[in-house]
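Undergrad: Below, each chain spelled out in residue letters.
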Amino acid sequence: SQKIEQNSEALNIQEGKTATLTCNYTNYSPAYLQWYRQDPGRGPVFLLLIRENEKEKRKERLKVTFDTTLKQSLFHITASQPADSATYLCALDPLSGSARQLTFGSGTQLTVLP
Amino acid sequence: KAGVTQTPRYLIKTRGQQVTLSCSPISGHRSVSWYQQTPGQGLQFLFEYFSETQRNKGNFPGRFSGRQFSNSRSEMNVSTLELGDSALYLCASSLGTPRNGYTFGSGTRLTVV
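Residue numbers (my numbering), protein chains in the order written: chain A, 134 to 247; chain B, 2 to 114.
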């Protein structure tokens with residue numbers, strides 16, 4: 134069966150360091166992989182999208198890589214700040230015909246310590 | 002530009018009752034998806050509507066239904082509520098293609114007692 138795993142439920146890092154979050158998937162052929170941030174009691178907020186034929190995508194302090202051979206995506210936050218503390222979710226979009234459906238990982242709760 | 006609006010924000014219902022949740026997408030977005038979020042199962046896809054047509058449905062019982070109106074606003078209905086239906090219900094709107102991701106609302110917190 135299809136499975137998406139995010140490396141750990143919780144990750145604590147020191148302010149200023151780079152946070153690296155992992156998303157692994159099995160039995161899946163996603164066309165797009167997306168990363169979202171979710172704060173308590175709020176809906177997820179879209180951060181970055183990477184296509185299956187792209188290796189890397191950047192946006193300000195964020196960087197996403199996508200390795201379809203390893204079936205893995207890495208999400209990096211450089212120069213992390215306490216305001217980056219949140220739950221980060223990866224989501225796969227298979228692009229099956231016209232139907233749109235995201236399958237989410239369980240999320241990694243990131244805490245950036247001052 | 003207004004975001005995705007979900008109403009109500011909080012709801013308490015009794016087992017056996019039914020509930021209707023509403024979602025107003027971003028202006029110009031024709032795709033509306035619904036997700037259920039629980040601590041145990043995470044975010045799970047319920048269904049997606051595009052131009053008033055259901056394009057995709059997740060693995061939920063028939064008690065969960067939805068519809069979309071001509072102005073792209075969407076409603077989802079849950080009949081014969083069970084305790085396990087307690088969750089955060091999230092609506093997401095998009096242009097209908099995956100290129101720009103999805104914009105989620107803040108959700109409706111449903112508690113079934």
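What the hints contain is simulated information worked out from the structure, not anything from laboratory work. In this text, a Cβ means the ideal position worked out from N, Cα and C, and glycines have one as well. Heads up, a few of these hints could be off.
What the hints assert, rightly or not - Which stretches of chain B does chain A cover? Using the computed rule of at least three CB atoms under 8 Å from a CB of chain A, they are:
id: 1; region: 76-88
id: 2; region: 101-109
Unchecked claim - DMTMM-like, lysine to aspartate or glutamate: derived pairs with alpha carbons at most 25 Å apart:
id: 3; chain 1: A; residue 1: Lys190; chain 2: A; residue 2: Glu142
id: 4; chain 1: A; residue 1: Lys192; chain 2: A; residue 2: Asp226
id: 5; chain 1: B; residue 1: Lys58; chain 2: A; residue 2: Glu142
id: 6; chain 1: A; residue 1: Lys188; chain 2: A; residue 2: Asp226
id: 7; chain 1: B; residue 1: Lys58; chain 2: A; residue 2: Glu138
id: 8; chain 1: A; residue 1: Lys204; chain 2: A; residue 2: Glu148
Unchecked claim - Distance windows between CB atoms, simulated:
id: 9; chain 1: A; residue 1: Ser141; chain 2: B; residue 2: Thr39; range: 26 to 34 Å
id: 10; chain 1: A; residue 1: Glu142; chain 2: B; residue 2: Leu84; range: 22 to 30 Å
id: 11; chain 1: B; residue 1: Asn72; chain 2: A; residue 2: Pro173; range: 30 to 38 Å
id: 12; chain 1: A; residue 1: Arg191; chain 2: B; residue 2: Lys14; range: 28 to 36 Å
id: 13; chain 1: B; residue 1: Val114; chain 2: A; residue 2: Lys204; range: 36 to 44 Å
id: 14; chain 1: A; residue 1: Lys204; chain 2: B; residue 2: Phe70; range: 35 to 43 Å
id: 15; chain 1: B; residue 1: Arg64; chain 2: A; residue 2: Tyr161; range: 23 to 31 Å
id: 16; chain 1: A; residue 1: His209; chain 2: B; residue 2: Tyr11; range: 34 to 42 Å
Undergrad: Each hint should be assessed against the structure and marked as holding or not.
TA: Verification of the hints:
no.: 1; hint: 76-88; result: violated (count 0)
no.: 2; hint: 101-109; result: holds (count 8)
no.: 3; hint: A/Lys190 with A/Glu142; result: holds, 24 Å
no.: 4; hint: A/Lys192 with A/Asp226; result: holds, 20 Å
no.: 5; hint: B/Lys58 with A/Glu142; result: violated, 28 Å
no.: 6; hint: A/Lys188 with A/Asp226; result: holds, 16 Å
no.: 7; hint: B/Lys58 with A/Glu138; result: holds, 23 Å
no.: 8; hint: A/Lys204 with A/Glu148; result: violated, 30 Å
no.: 9; hint: A/Ser141 with B/Thr39: 26 to 34 Å; result: violated, 20 Å
no.: 10; hint: A/Glu142 with B/Leu84: 22 to 30 Å; result: holds, 25 Å
no.: 11; hint: B/Asn72 with A/Pro173: 30 to 38 Å; result: holds, 31 Å
no.: 12; hint: A/Arg191 with B/Lys14: 28 to 36 Å; result: violated, 45 Å
no.: 13; hint: B/Val114 with A/Lys204: 36 to 44 Å; result: holds, 42 Å
no.: 14; hint: A/Lys204 with B/Phe70: 35 to 43 Å; result: holds, 39 Å
no.: 15; hint: B/Arg64 with A/Tyr161: 23 to 31 Å; result: holds, 28 Å
no.: 16; hint: A/His209 with B/Tyr11: 34 to 42 Å; result: holds, 36 Å
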